[in-house]
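Enquirer: Okay, here's what each chain looks like letter by letter:
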Amino acid sequence: MEKLIELSKSVSDKAEVYWLKQNANNISFKNAKLHDIDSKLQSGASLRIIKDGRIGFACTRNLLNREEFLRNALNSLQGGAEADYEFPLTVKIPELNTYNASLEKTANTALVNECARVSELLKSKTSGEIVADAVTHISEVRISNTAGTDISYKSTAYYMIAGVIFPGSATGILRFFTSKAFEPMPDSLINEIIHLYNSASKVVVPKGGPMKTLFMPNSSGVLIARILSGLSGKSIYEKISPIAGKAGQKIWSGKITVYDDPLNDKYPSARAFDDEGVACRYLPFVEKGVLKNFYYDLNYAGKLKAAPNGHGYKWGGDTITTRPMPGIAQFGIGTGDKTLAELIKAIDRGIILEGALGGHSGNIPNGDYSIAVSPALYVENGEIVGQVKDAMVAGNIYQTLKNVVDIGDTASALGNNIIPPILCDEVSVVTKR
Amino acid sequence: MFDTLRKIINGAKADYADIRYEIKKDTIVAFNGRELSQIGSNSTDGYVVRVLDKGGLASVAFTQLTDASKSVRFAAENAHLIGKARKEPVRFAPTEVIKDAFIPELKEDPRKVTMAEKLELTRKYNNIPLKYDKIVMANISYREICREKYFLNSEGTEIREDLITVQLSGLITSRDGNLIQNIRVGAGGSDGFSSIRNQEKLFEENTAVAIDLLKSSPVKGGMYNCILNPGITGVFAHEAFGHFSEADIIETLPAMREKMKIGGNFGSDVLNIADDAPMPGQLGFYKYDDEGVKVRRVQLIKNGVLTGRLHSRRTAAEFNEPLSGHSIAEDYNYAPIIRMGNIFIEPGSHSLEALLGMLGDGLYVVDAKGGSTSGENFSFGALYAYLVKNGKKTEMVRDINISGNLYQTLKDIKAVGNELVLRKTGGCGKGQLNLRSSLGGPNILVNNLVVGGI
Numbered sequence: 000m001e002k003l004i005e006l007s008k009s010v011s012d013k014a015e016v017y018w019l020k021q022n023a024n025n026i027s028f029k030n031a032k033l034h035d036i037d038s039k040l041q042s043g044a045s046l047r048i049i050k051d052g053r054i055g056f057a058c059t060r061n062l063l064n065r066e067e068f069l070r071n072a073l074n075s076l077q078g079g080a081e082a083d084y085e086f087p088l089t090v091k092i093p094e095l096n097t098y099n100a101s102l103e104k105t106a107n108t109a110l111v112n113e114c115a116r117v118s119e120l121l122k123s124k125t126s127g128e129i130v131a132d133a134v135t136h137i138s139e140v141r142i143s144n145t146a147g148t149d150i151s152y153k154s155t156a157y158y159m160i161a162g163v164i165f166p167g168s169a170t171g172i173l174r175f176f177t178s179k180a181f182e183p184m185p186d187s188l189i190n191e192i193i194h195l196y197n198s199a200s201k202v203v204v205p206k207g208g209p210m211k212t213l214f215m216p217n218s219s220g221v222l223i224a225r226i227l228s229g230l231s232g233k234s235i236y237e238k239i240s241p242i243a244g245k246a247g248q249k250i251w252s253g254k255i256t257v258y259d260d261p262l263n264d265k266y267p268s269a270r271a272f273d274d275e276g277v278a279c280r281y282l283p284f285v286e287k288g289v290l291k292n293f294y295y296d297l298n299y300a301g302k303l304k305a306a307p308n309g310h311g312y313k314w315g316g317d318t319i320t321t322r323p324m325p326g327i328a329q330f331g332i333g334t335g336d337k338t339l340a341e342l343i344k345a346i347d348r349g350i351i352l353e354g355a356l357g358g359h360s361g362n363i364p365n366g367d368y369s370i371a372v373s374p375a376l377y378v379e380n381g382e383i384v385g386q387v388k389d390a391m392v393a394g395n396i397y398q399t400l401k402n403v404v405d406i407g408d409t410a411s412a413l414g415n416n417i418i419p420p421i422l423c424d425e426v427s428v429v430t431k432r
Numbered sequence: 000m001f002d003t004l005r006k007i008i009n010g011a012k013a014d015y016a017d018i019r020y021e022i023k024k025d026t027i028v029a030f031n032g033r034e035l036s037q038i039g040s041n042s043t044d045g046y047v048v049r050v051l052d053k054g055g056l057a058s059v060a061f062t063q064l065t066d067a068s069k070s071v072r073f074a075a076e077n078a079h080l081i082g083k084a085r086k087e088p089v090r091f092a093p094t095e096v097i098k099d100a101f102i103p104e105l106k107e108d109p110r111k112v113t114m115a116e117k118l119e120l121t122r123k124y125n126n127i128p129l130k131y132d133k134i135v136m137a138n139i140s141y142r143e144i145c146r147e148k149y150f151l152n153s154e155g156t157e158i159r160e161d162l163i164t165v166q167l168s169g170l171i172t173s174r175d176g177n178l179i180q181n182i183r184v185g186a187g188g189s190d191g192f193s194s195i196r197n198q199e200k201l202f203e204e205n206t207a208v209a210i211d212l213l214k215s216s217p218v219k220g221g222m223y224n225c226i227l228n229p230g231i232t233g234v235f236a237h238e239a240f241g242h243f244s245e246a247d248i249i250e251t252l253p254a255m256r257e258k259m260k261i262g263g264n265f266g267s268d269v270l271n272i273a274d275d276a277p278m279p280g281q282l283g284f285y286k287y288d289d290e291g292v293k294v295r296r297v298q299l300i301k302n303g304v305l306t307g308r309l310h311s312r313r314t315a316a317e318f319n320e321p322l323s324g325h326s327i328a329e330d331y332n333y334a335p336i337i338r339m340g341n342i343f344i345e346p347g348s349h350s351l352e353a354l355l356g357m358l359g360d361g362l363y364v365v366d367a368k369g370g371s372t373s374g375e376n377f378s379f380g381a382l383y384a385y386l387v388k389n390g391k392k393t394e395m396v397r398d399i400n401i402s403g404n405l406y407q408t409l410k411d412i413k414a415v416g417n418e419l420v421l422r423k424t425g426g427c428g429k430g431q432l433n434l435r436s437s438l439g440g441p442n443i444l445v446n447n448l449v450v451g452g453i
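Chains as they are written, first to last, in numbering that gives the first Met the number 0: chain A, 0 to 432; chain B, 0 to 453.
These aren't lab readings, by the way, just hints derived from the structure by calculation. Note that the structure is a prediction, hence the values are computed from the model and not measured. Mixed in with the good hints there might be a few duds.
Computed cross-link-like contacts, DSS-like style, restricted to lysine-lysine with a CA-CA straight-line distance of at most 27 Å [claimed, not checked]:
1) B:Lys219 / B:Lys86
2) B:Lys86 / A:Lys20
3) B:Lys86 / A:Lys122
4) A:Lys302 / B:Lys123
5) A:Lys122 / A:Lys20
6) A:Lys238 / B:Lys130
7) B:Lys429 / A:Lys29
Short, incomplete list of chain A residues facing chain B, as computed with Cβ under 8 Å [what the hints assert, rightly or not]:
8) Gln41
9) Arg60
10) Asn74
11) Ala80
12) Thr320
Note that CB positions come from ideal geometry on N, CA and C, so glycine has one too.
Throw the hints in and build the complete structure from the sequences for me.
Expert: Here it is as structure tokens:
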């Protein structure tokens, strides 16, 4: 790595090397049986250089030929992609506890046994088809640049995804459990799956119209994709954010607080620095409904003359081959004070949206969503009546998030989003009736 | 290369082992408005080893040759763990041993086109929408993926195949006050660089649609009879039906597997669906899958009756059905899974005018904006639609998102148009990305679709 930085210095003004090593295991139970074990032992490096105000990029899995690696970066300078930024000097980074050595020693047999335990529990209490996956990730990242930054971290992550599929479909009630070390999935999550699945045994076709909709963590991706689109420095630069220039204004219900909380190392996605070596910190985006901040990587911060705030991430594909873009480490929506049972009790007529289909399509920058329920439970007078099929839920987040009734008191970690259930009113639901 | 690969899997001492080594060259030119945001070309490489032994199948993807023996050992240990936990052993359907090198013929090899020319061509297309005041952003990118694949298994198969994909795609965004609209645009293919030349008309037409969308009204949510144009018919064939023709999805869902029995009736006589990956010239073309099985055309539905399914060696054995050659990996990061190659509803006899006449009142829905499925229910977004009144297209409407029940909707396909159109760009995400997932169909008339509106 040092050699590469030295070599890069000889041909460019500034350089940065990002190095990653990752081992992963994925144990997959389908229909309550062990189906597959997939593993990965991967590493690689990416290089960015800045020369005469232009940015070059190269990546490799095997540093067999350093010269060729460098040549690829130099060649990419020729197009003239501008770099309105410098690589940062980051010496002091927050101390986080992201690594638990016990996960390195956790045998696959332990993960298989845990999937079997959860599968058997769900099978004995429901009549559905059972799925359970246990996943481990052990990662090491190091970022070094010509400004003098040389920082690294090691992290361990354990995920369990389990649930019950409604027979005849490929959708069901699923719950995610996340930790830095292997530990059994809590009973509370398993019981929630069983309760919701069994409450949905009857299929109902309610009359459509505006109604209360409880966005569960599993369907919150519909809201999050649109919130993040509006808050991204990239959207500001592209003039497609409906909330550009509205900092300080109340845009949503006073119950809504939205933030990035990268330093919360209770979760394995905690980060002390982003993928460009900028130190992370807590950043509120919306506080009690009032817009506070947007998020930037080095590139868009440079273009917009804003201060970079530690939000350059190589998300959205193969980390080694992907260039940093504006992203979030640990996206959070602030919890409220209602239990899930209390939120359901507060629904006179409405749906519990457990999952959504089509959240990635539609006019995301505008905040519009129009998704098929997958699945949803229909609630009347605070009681779950049954499952709704063939229904669509539609709206615009800039309207929906003004109509927040209440927020759940417990947030769930889904990947790097840490989200409570959110109950909104006046959401359009189209059914076949 | 094959010598190295053979040495690696010889260490497995298993019932069966295979290994795939790939060099993936990824070239990109991307614009963010008038600014060039990315340009460059990089090669990365890696291996995937799979071991089938003692009734279990497991895989390890690795990038360092020094990790080869460790990876083979892990795969074998995990295979044994699976075999021990299962009552029914994992088996592979037999297939012929193949020794072949397949390098596709291209209409202009993109690797011989200079980066400067790729840059200028992408800039030219990107600048087309930006000429107009109402267009606030164009994000057009050129992407070229060249996969040089070496596959070898313990049965003696040795295959070298190259897959070369070019894609010109992106988003055109229009804005009027607070109203933001966007439209996806794409061209490309797997038969050479010529597929992205002379695409000015495509960009002009899509720019006009992005501007027209600002003047259109949102569709009113409700149930509609619809004509789906070829772009969205293909997404319907792929999302709503096609994924459940992939045997690995229904293999472990007993109720869906029961419903999807060969010989079952799924639609009216007018409905015929095929996956034809060996069809030359289309995006999804390949010769061998990532298990070394030669791909063949599969008739999935004939006159409304389910007649075939897409298989890997594992699922063909499990279902006791013929192999089809549809086990495909995104790249060296992944073990293969079952993917559609080129799925389409086969054309029938009706012109668009005749279909509009049969529709009477409803929607003419144009081109897709993503779709997904949850088994019996599906959802897809459309770029836009026209209201149809008395068999005539009238005003444009936007924010079209459609959902439905697969089985009911297949039965609600009432008539099929006469012109087959296949998509030029892909991007199916089933845990892995398949850039070469081709799909299409003719215009089709479908009754009773739920449209979400906003």
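Enquirer: None of the hints should be skipped; say for each whether it holds.
Expert: For each hint, the structure was consulted:
As the CA atoms of Lys219 of chain B and Lys86 of chain B are separated by approximately 53 Å, the hinted pair breaks the 27 Å bound. For the proposed pair Lys86 of chain B and Lys20 of chain A, the alpha carbon gap of about 36 Å is over 27 Å, so the pair is violated. For a cut-off of 27 Å, the pair hint linking Lys86 of chain B to Lys122 of chain A stands: about 17 Å separates their Cα positions. Using a Cα cut-off of 27 Å, the hinted pair Lys302 of chain A and Lys123 of chain B holds, with the two alpha carbons roughly 23 Å apart.
For the proposed pair Lys122 of chain A and Lys20 of chain A, the alpha carbon gap of about 38 Å is over 27 Å, so the pair is violated. Of the pairs offered as hints, the one joining Lys238 of chain A and Lys130 of chain B holds, with about 16 Å between alpha carbons and a cut-off of 27 Å not exceeded. Of the supplied pair hints, the one linking Lys429 of chain B and Lys29 of chain A holds, its CA atoms being roughly 16 Å apart against a limit of 27 Å. Of the supplied interface hints, the one on Gln41 of chain A holds, with its beta-carbon coming within about 5 Å of a beta-carbon of chain B, less than 8 Å.
A hinted interface residue such as Arg60 of chain A counts as satisfied when its beta carbon comes closer than 8 Å to some beta carbon of chain B; here the least separation is about 4 Å, so the hint holds. The beta carbon of Asn74 of chain A is positioned within 8 Å of a beta carbon in chain B (closest approach about 7 Å), and the interface hint is therefore held. The interface hint given for Ala80 of chain A is met, as the beta carbon of that residue sits about 5 Å from the closest beta carbon of chain B, less than 8 Å. The interface hint given for Thr320 of chain A holds, since its Cβ lies 6 Å from the closest Cβ of chain B, which is under the 8 Å cut-off.
This entry does not satisfy hints 1, 2, 5, going by the numbered hints stated previously.
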